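2 protein chains.
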Amino acid sequence: MKRSFIREILEAIDEETISFAGGLPNSLLFPVDDLKLSANNILKKRDVWQYSLSNGIKSLRKKIAKQYCNEGFETSAENILITTGSQQALYILARYFQNKSIVLEDPSYLGAINTFKLNDLKMKSAPLENDGIKLKAFEKAYEKSKLSYLIPDFQNPSTRTYSKYKREEVAKIVEKNKGLLIEDSPYTELYFKEKNKSISSLIPDNSFHLGSFSKTLCPSLRIGWIRANKKLIDELLVIKESIDLHSCGLSQHLLNEYLKDDKKYQNHLNILRKYYKEKSEYFCEQLDKYLPEFIYEKPKGGMFVYGEFKDVDSFELLNKCMKKKVVFVPGCEFYVKNKNKNEIRFNFTNSSLEDITKGIKIIAEALKS
Amino acid sequence: MKRSFIREILEAIDEETISFAGGLPNSLLFPVDDLKLSANNILKKRDVWQYSLSNGIKSLRKKIAKQYCNEGFETSAENILITTGSQQALYILARYFQNKSIVLEDPSYLGAINTFKLNDLKMKSAPLENDGIKLKAFEKAYEKSKLSYLIPDFQNPSTRTYSKYKREEVAKIVEKNKGLLIEDSPYTELYFKEKNKSISSLIPDNSFHLGSFSKTLCPSLRIGWIRANKKLIDELLVIKESIDLHSCGLSQHLLNEYLKDDKKYQNHLNILRKYYKEKSEYFCEQLDKYLPEFIYEKPKGGMFVYGEFKDVDSFELLNKCMKKKVVFVPGCEFYVKNKNKNEIRFNFTNSSLEDITKGIKIIAEALKS
Numbered sequence: 066m067k068r069s070f071i072r073e074i075l076e077a078i079d080e081e082t083i084s085f086a087g088g089l090p091n092s093l094l095f096p097v098d099d100l101k102l103s104a105n106n107i108l109k110k111r112d113v114w115q116y117s118l119s120n121g122i123k124s125l126r127k128k129i130a131k132q133y134c135n136e137g138f139e140t141s142a143e144n145i146l147i148t149t150g151s152q153q154a155l156y157i158l159a160r161y162f163q164n165k166s167i168v169l170e171d172p173s174y175l176g177a178i179n180t181f182k183l184n185d186l187k188m189k190s191a192p193l194e195n196d197g198i199k200l201k202a203f204e205k206a207y208e209k210s211k212l213s214y215l216i217p218d219f220q221n222p223s224t225r226t227y228s229k230y231k232r233e234e235v236a237k238i239v240e241k242n243k244g245l246l247i248e249d250s251p252y253t254e255l256y257f258k259e260k261n262k263s264i265s266s267l268i269p270d271n272s273f274h275l276g277s278f279s280k281t282l283c284p285s286l287r288i289g290w291i292r293a294n295k296k297l298i299d300e301l302l303v304i305k306e307s308i309d310l311h312s313c314g315l316s317q318h319l320l321n322e323y324l325k326d327d328k329k330y331q332n333h334l335n336i337l338r339k340y341y342k343e344k345s346e347y348f349c350e351q352l353d354k355y356l357p358e359f360i361y362e363k364p365k366g367g368m369f370v371y372g373e374f375k376d377v378d379s380f381e382l383l384n385k386c387m388k389k390k391v392v393f394v395p396g397c398e399f400y401v402k403n404k405n406k407n408e409i410r411f412n413f414t415n416s417s418l419e420d421i422t423k424g425i426k427i428i429a430e431a432l433k434s
Numbered sequence: 066m067k068r069s070f071i072r073e074i075l076e077a078i079d080e081e082t083i084s085f086a087g088g089l090p091n092s093l094l095f096p097v098d099d100l101k102l103s104a105n106n107i108l109k110k111r112d113v114w115q116y117s118l119s120n121g122i123k124s125l126r127k128k129i130a131k132q133y134c135n136e137g138f139e140t141s142a143e144n145i146l147i148t149t150g151s152q153q154a155l156y157i158l159a160r161y162f163q164n165k166s167i168v169l170e171d172p173s174y175l176g177a178i179n180t181f182k183l184n185d186l187k188m189k190s191a192p193l194e195n196d197g198i199k200l201k202a203f204e205k206a207y208e209k210s211k212l213s214y215l216i217p218d219f220q221n222p223s224t225r226t227y228s229k230y231k232r233e234e235v236a237k238i239v240e241k242n243k244g245l246l247i248e249d250s251p252y253t254e255l256y257f258k259e260k261n262k263s264i265s266s267l268i269p270d271n272s273f274h275l276g277s278f279s280k281t282l283c284p285s286l287r288i289g290w291i292r293a294n295k296k297l298i299d300e301l302l303v304i305k306e307s308i309d310l311h312s313c314g315l316s317q318h319l320l321n322e323y324l325k326d327d328k329k330y331q332n333h334l335n336i337l338r339k340y341y342k343e344k345s346e347y348f349c350e351q352l353d354k355y356l357p358e359f360i361y362e363k364p365k366g367g368m369f370v371y372g373e374f375k376d377v378d379s380f381e382l383l384n385k386c387m388k389k390k391v392v393f394v395p396g397c398e399f400y401v402k403n404k405n406k407n408e409i410r411f412n413f414t415n416s417s418l419e420d421i422t423k424g425i426k427i428i429a430e431a432l433k434s
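Respectively, the protein sequence lines represent chains L and C.
Using our numbering, you'd call the opening residue of the first sequence number 66 and step up by one each time.
Using our numbering, you'd call the opening residue of the second sequence number 66 and step up by one each time.
Read the hints as simulated data drawn from the structure, not as lab findings.
Check before you lean on any hint, since a few could be wrong.
Claimed, not checked - With a straight-line cut-off of 20 Å between C-alpha atoms, the simulated EDC-like cross-links for lysine to aspartate or glutamate are:
#1 C:K101 / L:D112
#2 C:K182 / L:D98
#3 L:K182 / C:D185
#4 C:K110 / L:D98
#5 L:K101 / C:D112
#6 C:K426 / C:E81
#7 L:K388 / L:E81
#8 L:K123 / C:E80
#9 L:K296 / C:E76
#10 L:K165 / C:D185
#11 C:K385 / C:E76
#12 C:K295 / L:E73
#13 L:K109 / C:D99
#14 L:K109 / C:E76
What the hints assert, rightly or not - Looking from chain L toward chain C, a few residues come up when the C-beta cut is under 10 Å (computed):
#15 N105
#16 N179
#17 G244
Said to hold, decoys possible - Calculated from the model, a selection of chain L residues having no Cβ within reach of chain C, i.e. all distances over 12 Å:
#18 R111
#19 P269
#20 K344
#21 K363
#22 N384
#23 K385
#24 A429
These numbers were taken from a predicted model, which means no experiment stands behind them.
Virtual Cβ for every residue (Gly too), placed ideally from N, Cα, C.
So here's chain L without its partners, still in its complex pose:
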């Protein structure tokens, strides 16, 4: 087993490096004042500092459940398991399905691939098209495995989003096979135009829907969740408890206090969407201007721009750029099967406009050298 390539890059670089590598939210947008206000309301309460329930504090689970209900996806607190970030949700599920087969999009999220490997899951993949996974290939693989891991909204790394049609077809395939779906949704709220309906809402008893506050609020709290039917949640709880007893109580109480005023959170999300939309547009403009050789589709949400050069080894390019203090992630890191050496994932959320221009110019120079 090796470590995550991205986290190794992130730990190796210094403060002067322009990083288009990690999926870091922009720290200037953390609602620090509101979070501090919320903190001050709870820090003197003694139960905030004590041990708490393994599945998460109930008032927070209720608030997360209400978000689902608001969108017509019936959910109660008992359907929610609080996890230490979405990463832990993936680990718990990987442990639960240890040694089983699982169908992934190719490419897919690196943290999931590594966790599935660590837990000896046999990974099958189906290609990801513009409007979602290739259905025939998916169905063929799914009939055998009856388990799949998908990221239908602004997928990491490809930024692709499933059409309504493909969502419904995937749901039908899962149901027909009496199988299960792990639907990972860290970027769902970061849409530029409109929110998509989850596949899980079409198959509530056959799905694990994974959510997180890491991309929408702040990652440091390490709070994510799994939404599933109660029977499945109870089974996952045994693993969760064995891993860390419960997720950080301070984070949970703080989030619970912050979310009491739902308007505040919705306003924050609107600011985030507007700002990230503008930033993605700026990033694309600069790409078109200085790196016209890079072929990509404009993202409709999320945190990344994904594309390829016609004939450039992206690892070689990365090595050149690292010397000039610019980093990004070569696409082949994300593939289970078809490793394309020309692809690159850029993160656009975390750099200033100035650094975006500077970084892309440096990449353009490196490309020519």
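Model the placement of chain C on the given structure of chain L, informed by the hints.
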């Protein structure tokens, strides 16, 4: 797999129940004002809310390393892996040693036993005597497994503490066999009279020393650590990263700020020791007065009183007491092998003096009924 019996009891009881069950620190002793002050110093810093390093923020690791150095146990930040509570340290190690054999004290910590089971470790045990593990039985089992999990200070559940002689002998056996030791030390700082020297300090390259702020400061932060040589830490880091990327950043920054003034923390520990010592003495007095049938040794630190009745099924007694809203943990829950039905673990830290008397009286009544 089943859940932890103790956590199930804790989740089932209501606020009126007197609980001698969990290992909960007394929330009245959380240094809430100081923690709030520390929080206010950091909450406006944006990196407090961002993703951070998988092995933990460096300044906190340095401070933990310094605590070891102060006691003559040479340690640097690279020897420390921050974990989401000690429980995660146990999980990471159990995952690392999956399928291997391991020697435990009989009885031992329930959370460790369950985690070892989940990761298919083959558990061997050696009896725990007054001054530590029975050496002959330990050596015989260890020669085969070359891996052991021990809690030398104020052991959970037995409250027993290893003599200097047995610490040295265990270290010799580990070294002779070129094996490894997992030394769990959540209660080490909660001594009433004097601090013991860890076994790990005698075999720095053959040991994982586990520490935690859950019992000494507050559990909600979920911050523990593993101290080991760098090569081992690097190997564990792959698993840690797969489980939750990193432990709560807010908790780490808060702790780092709080620990800047080491005097403050040392004062807090002194208060804790004094208060817990008095509470344990009161608990024992009340036991002697109302439950003279209960045979036990007075604890010299930690959070528990452990002992047995001559001829009472402690599960039956628990069932009777639960109806009268008093709970404790039957000793047989903690055994790998020799399940003694007469034993009981009482927690003394979490109840008021009034509730201690009331609870013990109720147990005495239930015993007669």
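Against the structure, the hints:
no.: 1; hint: C:K101 / L:D112; result: holds (14 Å)
no.: 2; hint: C:K182 / L:D98; result: violated (45 Å)
no.: 3; hint: L:K182 / C:D185; result: holds (18 Å)
no.: 4; hint: C:K110 / L:D98; result: holds (10 Å)
no.: 5; hint: L:K101 / C:D112; result: holds (14 Å)
no.: 6; hint: C:K426 / C:E81; result: holds (16 Å)
no.: 7; hint: L:K388 / L:E81; result: holds (12 Å)
no.: 8; hint: L:K123 / C:E80; result: holds (15 Å)
no.: 9; hint: L:K296 / C:E76; result: holds (18 Å)
no.: 10; hint: L:K165 / C:D185; result: holds (17 Å)
no.: 11; hint: C:K385 / C:E76; result: holds (18 Å)
no.: 12; hint: C:K295 / L:E73; result: holds (17 Å)
no.: 13; hint: L:K109 / C:D99; result: holds (10 Å)
no.: 14; hint: L:K109 / C:E76; result: violated (24 Å)
no.: 15; hint: N105; result: holds (8 Å)
no.: 16; hint: N179; result: holds (6 Å)
no.: 17; hint: G244; result: violated (23 Å)
no.: 18; hint: R111; result: violated (4 Å)
no.: 19; hint: P269; result: holds (24 Å)
no.: 20; hint: K344; result: holds (17 Å)
no.: 21; hint: K363; result: holds (26 Å)
no.: 22; hint: N384; result: holds (23 Å)
no.: 23; hint: K385; result: holds (26 Å)
no.: 24; hint: A429; result: holds (28 Å)
The earlier numbered hints that this structure contradicts are 2, 14, 17 and 18.
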